[in-house]
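Just so you know, the protein sequences line up as chains W and B, in that order.
FYI, this note's numbering numbers position 158 of the first sequence as 158, with every residue one higher than the one before it.
FYI, this note's numbering numbers position 108 of the second sequence as 108, with every residue one higher than the one before it.
What the hints contain is simulated information worked out from the structure, not anything from laboratory work.
Computed spacing ranges between beta-carbons, pair by pair:
1) W:2 to B:189: 44 to 50 Å
2) B:52 to W:49: 54 to 60 Å
3) B:114 to W:76: 31 to 37 Å
We put the beta carbon where it would ideally sit given N, CA and C, even for glycine.
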Amino acid sequence: MGELLRDAWVVARKDLALELRTRVGLISAVVFTALVLTVFNFGRDPTAVGVLDLAPSILWVTFTFAGMLSLNRAFQLELENQALEGLLISPIDRRSLYLGKLAANLVFVGLVETVGLPLFALFFNVPVWDILAPLAAVIAVATIGFVAVGTLFSALVIRVRFAELMLPVLLLPFLIPPLVGAVQVTSRLFSHRPLSEVEGWLKLLLAYDLVFVSLASLLFPTTVDE
Amino acid sequence: MLWAEGVRYSYGAVPALQDVSFTLPAGRTLALFGPNGAGKTTLLKVLAGLLRPRAGKAGVEGGRSAIGWIGHQSLLYGQLTVRENLRFWGALYHVPSGPLGDRIELLGGRLDLGSLLDRRVATLSRGQAQRAAVARALVHDPVVLLLDEPFTGLDRVAASELSLLLRGFAGGGNRATLLVTHNVDEGTDLATDIGILKAGRLVELAPRGGRTAAEIGERYRGVVAGG
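Here chain W stands alone, though its shape is the one from the complex:
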């Protein structure tokens, strides 16, 4: 287990170094987040639907699509000079490769969300500061599940043509449960309702994380071999 995690850290550290060196993926995702929030802000009729009714969906749609930009890059990095071949020849466990990619993706998506949340609060005048701790926890729990599945699928589509189109097509159906759960829980938080009202959704989000991180770790070797 120690070696598995140590190798995963080696992979994650390399991905983070590459991203910080170029910042292409990060900047693209942050700019995308700002643009989507701007479009939603000016594209809605504030007199027709209350902002608190729309805000949770807008937040999660924005995070989902911005996250996909980051996920697309996860294995694209490995196509450069056929580095993926080198990784697969190396003695590290395939699961280390997955866990390393997952960790790096969580950092990228987390950074995008960290920038996106204040922008969201600014554009939609949603008072997120007094619910910041539980909101951050919900975002973290939902993001883990989303990124776990996304990392697996980004490996799956890496060798197919139009990978950037294939990823959302494959991934979005799997994201419906955590997205619905995240929207429900966020909605209660914005309305200052007790979380006990959405206990079932919270359990679903946690179970989704547990199941899909485990399942994706197990399935990952078969997606990259041959």
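Here the structure of chain W is known, so what remains is to put chain B in place on it, guided by the hints.
Coordinates of chain B only, in the frame set by chain W:
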């Protein structure tokens, strides 16, 4: 050290390897020639564990840790420096940090990479990148070297330099090297054994003996043409 036993592999219905068998003991360098589509890269990938044979067995003594791989792509990350790349690949092969630093300096000296170690790979010429790729392949001190057309894209001088470097590796008596290429002019001087792969079959395998590159080339062309 390196072996294949009745290996078959196919891409869908298209056979790529058919009953390929050989063993390569330590201290030997096998140059395996074949035209495009003969199954050379497929054989290397099977030996490296990248592809699973449909039938038969193949492997390398010591498993994946024992393999150093050099292809026509460097397997290096362009936005990292040569040193960062070598540190990354060394860590993947579980080379401890201290000895890894020493090893990088050693390889930097031997491969004339000293001044390039802190440059990003994306800024290197093809020949420099290939030298860095050799350093990457050797950073964990492998005992088996698998070479997939390593001279592709190199000019005559760079190819000659690479040939010298590989000869240095192959000179170690406890190591084995398998080189595949379609160009008989490349790598012949490194080889202790010569093999010819044609349409997925290993049609010839023999010690090089005293044969010259020209004689080997003539024999190769004869075999490929059907003789």
